[in-house]
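Participant: Each chain is listed here by its residues.
Protein chains: 2
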Amino acid sequence: MGKTLLDLSKERRSVRRYTDENVFLDDILYALKVASLAPSGANEQPWRFVIVEDDNTKKLVREACERGERHLYDNVKGEFKKWLLSQGLSHEKPFLEEAPYLVVVLMKRSAKYARESVWVAIGYILLALEEKGLSTLAYTPSNTDYPLHELDAPTGFKLEAILPVGHSDDESPRTSRRELSETVFMNKWGNLIPCARATGS
Amino acid sequence: MGKTLLDLSKERRSVRRYTDENVFLDDILYALKVASLAPSGANEQPWRFVIVEDDNTKKLVREACERGERHLYDNVKGEFKKWLLSQGLSHEKPFLEEAPYLVVVLMKRSAKYARESVWVAIGYILLALEEKGLSTLAYTPSNTDYPLHELDAPTGFKLEAILPVGHSDDESPRTSRRELSETVFMNKWGNLIPCARATGS
Chain A
0 MGKTLLDLSK ERRSVRRYTD ENVFLDDILY ALKVASLAPS GANEQPWRFV
50 IVEDDNTKKL VREACERGER HLYDNVKGEF KKWLLSQGLS HEKPFLEEAP
100 YLVVVLMKRS AKYARESVWV AIGYILLALE EKGLSTLAYT PSNTDYPLHE
150 LDAPTGFKLE AILPVGHSDD ESPRTSRREL SETVFMNKWG NLIPCARATG
200 S
Chain B
0 MGKTLLDLSK ERRSVRRYTD ENVFLDDILY ALKVASLAPS GANEQPWRFV
50 IVEDDNTKKL VREACERGER HLYDNVKGEF KKWLLSQGLS HEKPFLEEAP
100 YLVVVLMKRS AKYARESVWV AIGYILLALE EKGLSTLAYT PSNTDYPLHE
150 LDAPTGFKLE AILPVGHSDD ESPRTSRREL SETVFMNKWG NLIPCARATG
200 S
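For the protein sequence lines, the chains are A and B, in the order given. Note that numbering that gives the first Met the number 0 has the first sequence beginning at 0, numbered continuously upward. Note that numbering that gives the first Met the number 0 has the second sequence beginning at 0, numbered continuously upward.
To be clear, the hints were calculated from the coordinates, so they are not data collected in a lab. Do not rely on the hints blindly, as some may be mistaken.
If the Cβ cut is set under 10 angstroms, some of the chain A residues that face chain B in the computed set are [claimed, not checked]:
hint, residue
1, Ser89
2, Glu91
3, Val119
4, Asp144
5, Ala152
6, Ala160
7, Asp169
8, Val183
9, Met185
Every beta carbon over 12 angstroms from chain B, so not counted as near; a handful from chain A, in silico [stated by the list, open to error]:
hint, residue
10, Ser8
11, Glu62
12, Gly67
13, Asn142
For every residue, glycine included, the Cβ atom is placed at its ideal position computed from N, Cα and C.
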């Protein structure tokens, strides 16, 4: 592929607006194949994926998510509310209909370290889609039961995230990151790593 | 790098035995740089990393983890116990001293979607270490408070995982995975993806 993981992780961004350009289903299946090789607690592989391409199902999923979001936005307070407003976010989630595909990520509730395992797999997916030139967003609906009902999923599974997949039409600025010198310590909390390395360049 | 994410995810395995071959700290910092570019809830970047290279600290961390594991192994039952025994696992965690480095992953408790974000970052780390030819394991101690005390971490942070890092000396067989046809559906739960694609090859 020629690109390193540092390239991919630098280029990736969370995308909330998509073009109507075609996406190859095989590229999505590639990313899910990569994800399926992630480690998991007791190798239970607690992830399941529903790929949604049908317009009517996308519409139902969007409506279900927006019902939950409306409740959140009516009740959220403090720093999180400030952050939401600063990002221009609202209860409306048009990307759930505009993206050519949605990947709904479900988790087997009873599995050991289920959430940890599923989110490692989501990390794999984010990078694998980027490798294929596709954009996505790890969207976590405020109410995860509403959209789940539209997919006929059994009760032993919980919805963890919805990943819209498509080509980016999102021009909002890239979010910044802390320097490694703020997040990485040597041997004990607070012991700095050598300065030259801390720039992470 | 020449390798695709599918190559890396196929080659990666969870490693519990390490050689004493030298590891470059810069390769670990590379993986943490990659991880720091992961998305996170409200961009809070709730991850912190303590790289442990000091032998005495490794010993303290190992002892703290084994205290928790002993309690687990004395009390575990059912399918999980069977799985542990089938894997030849016990309360002993020699890799915590044998690996040249440990990366202790901490999570800011108060952050939105803290666990989800931290485990996406761990997914990034697993792949980035593999890219550098290094092996690791996403080890989750049974008691996460014990090892935390050895690192002087503040109370607002929780230990999520310890990643030993080194060169593999582990010859146990690779774990198998479900076919995509068992884990991926189209539009609704239970609708199969086309057969040829489901092999994921």
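Participant: Run every hint past the structure and note whether it holds.
Facilitator: A quick look at each hint next to the structure:
no., hint, in the structure
1, Ser89, "15 angstroms, violated"
2, Glu91, "18 angstroms, violated"
3, Val119, "4 angstroms, holds"
4, Asp144, "14 angstroms, violated"
5, Ala152, "5 angstroms, holds"
6, Ala160, "8 angstroms, holds"
7, Asp169, "13 angstroms, violated"
8, Val183, "5 angstroms, holds"
9, Met185, "6 angstroms, holds"
10, Ser8, "4 angstroms, violated"
11, Glu62, "16 angstroms, holds"
12, Gly67, "15 angstroms, holds"
13, Asn142, "15 angstroms, holds"
The structure is inconsistent with the numbered hints 1, 2, 4, 7 and 10, although it conforms to all the rest.
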